[in-house]
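**Q** Using the sequences and the hints, build the whole thing.
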Amino acid sequence: MFAEQLAVQAGDVNVLMKYRAPRSWLDGQPAAVTRKVDRGSITYIGAWLDEASMKRAVQWMLNDSGAQPDLFPVPAGVEVYRRAAGDSQIFIVENDGQDEKTIQMPAAMTNVLTGETVRAVKLPLYGIAVLKKADLGK
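In my numbering, the protein residues as written are 1 to 138.
Simulated from the structure, these hints should not be mistaken for lab results. Since the structure is predicted, the reported quantities are computational estimates derived from the model, not experimental observations. A few of these clues could be false.
Stated by the list, open to error - No more than 25 Å apart at the CA atoms, straight line, and that leaves these computed lysine to aspartate or glutamate pairs for DMTMM-like:
hint: 1; residue 1: 55; residue 2: 96
hint: 2; residue 1: 36; residue 2: 64
hint: 3; residue 1: 132; residue 2: 94
hint: 4; residue 1: 122; residue 2: 94
**A** Shown next, in the form of structure tokens:
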């Protein structure tokens, strides 16, 4: 259990959530606040959220910010690390899951370790692929 007492002191701060803790000193006080800053905003959550509430908070923040992932979707247990320099992008894909995984690429990529152009890679447990966006024009 974790909770911070938050105080709103500026008129442009919006309270997103309030504590519901009857007979507690926190009851009715702000639990999460947000404020516009330049072209964005800053949000502070002063409580430890359960899994469902955290998922809702993250989804709200993603929707509000307009953020888009610069990676591609992968199965659970697979990590992707993007490295970029100039126009070059490398993706290191690692399978830390419980079994073999097949990862679909959003576009053709060159498997740096094999030289093949691929649209999917099959990784065994603890397998790694190093992928570069394929230049099909050459």
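**Q** Now look at each hint and say whether the structure bears it out.
**A** Going through the hints against the structure:
| no. | hint | result |
| --- | --- | --- |
| 1 | 55 with 96 | holds (23 Å) |
| 2 | 36 with 64 | holds (11 Å) |
| 3 | 132 with 94 | holds (15 Å) |
| 4 | 122 with 94 | holds (11 Å) |
No hint from the list above goes unmet by this structure.
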